[in-house]
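Engineer: Starting from the given sequences, assemble the full structure and let the hints guide the process.
Take the sequence shown: its letters are residues 230 to 439, numbered as in my numbering.
These are computed hints drawn from the structure, not numbers from a lab.
A hint or two may mislead.
Stated by the list, open to error - Cut-off 16 Å, straight-line C-alpha distance, at most; resulting in silico cross-link-like pairs (EDC-like, lysine to aspartate or glutamate):
id, residue 1, residue 2
1, K256, D319
2, K337, E327
3, K256, D291
4, K290, E305
5, K251, E327
6, K251, D322
7, K418, D232
To be verified - Beta-carbon label-pair distances, calculated as ranges:
id, residue 1, residue 2, range
8, S324, F422, 38 to 48 Å
9, G278, H323, 40 to 50 Å
10, E280, S428, 15 to 25 Å
11, G278, P334, 48 to 58 Å
12, N273, S324, 28 to 38 Å
13, Q341, G278, 25 to 35 Å
14, D322, N346, 12 to 22 Å
15, T246, D415, 28 to 38 Å
Glycine included, C-beta positions come from ideal geometry on N, C-alpha and C.
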Amino acid sequence: MSDQPTRWWWIRHAPVTTHGGKIYGQKDVPCDTSDARAFAGLANLVPQGAEWVTSNLRRAKDTAAAIVEAGAPFVEPLIEPDFAEQSFGDWQDHSWQELAQLNPPEYKSFWQNPGRNAPPGGESLADLIARTSTGIDRLNQTHEGRDIVAVTHGGTIRAALALALDIEPIDAMAFTIDNLSLTRIDHFKGGLFRGKGGSWRIAGVNLPPT
Numbered sequence: 230m231s232d233q234p235t236r237w238w239w240i241r242h243a244p245v246t247t248h249g250g251k252i253y254g255q256k257d258v259p260c261d262t263s264d265a266r267a268f269a270g271l272a273n274l275v276p277q278g279a280e281w282v283t284s285n286l287r288r289a290k291d292t293a294a295a296i297v298e299a300g301a302p303f304v305e306p307l308i309e310p311d312f313a314e315q316s317f318g319d320w321q322d323h324s325w326q327e328l329a330q331l332n333p334p335e336y337k338s339f340w341q342n343p344g345r346n347a348p349p350g351g352e353s354l355a356d357l358i359a360r361t362s363t364g365i366d367r368l369n370q371t372h373e374g375r376d377i378v379a380v381t382h383g384g385t386i387r388a389a390l391a392l393a394l395d396i397e398p399i400d401a402m403a404f405t406i407d408n409l410s411l412t413r414i415d416h417f418k419g420g421l422f423r424g425k426g427g428s429w430r431i432a433g434v435n436l437p438p439t
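Structural biologist: Listed below in structure tokens is the structure:
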């Protein structure tokens, strides 16, 4: 067993600018990787010798590629579907305003408990936390004591924070996770304080790339 924590470097993908303010969830939409200054900043922040992982969605993969192009050491990333964004099912390709008008009772019901209620045909945030946790637990075992750069999504990063802090899904929604921000979380196998306390340390949330 390594004495070193497994150090997670969570990066949210670059902005999506072509979807007209509509919910995209697991739609495989492109992102805008033109912010050279932000990508150069991320390339300087990520550690050497890290394992890289992205979700299976192109905006995460393209963001990782842009960080490498800006100067980060090239590593072929693992593709982890468990780190995909929350699926909003039938609500994808609609704006929140449209949904409120299309089916007011269904829309109102969702917001009674948005952390645990799922859109029709989609996932709840609780579902996303469970799915993301599966991927995190697996990589904590296979890459114990390593740096892991995970280029994913706002919902996925909130799910990782919910796991680390053991909080309710609705409480995880309070975190702001900006595009191209960095969130740092460390995992200590066996406990943070010589076997006592939790296994997680939050080193920073929504840190700017520059």
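Engineer: List, from low to high, the hint numbers that the structure doesn't satisfy.
Structural biologist: 13
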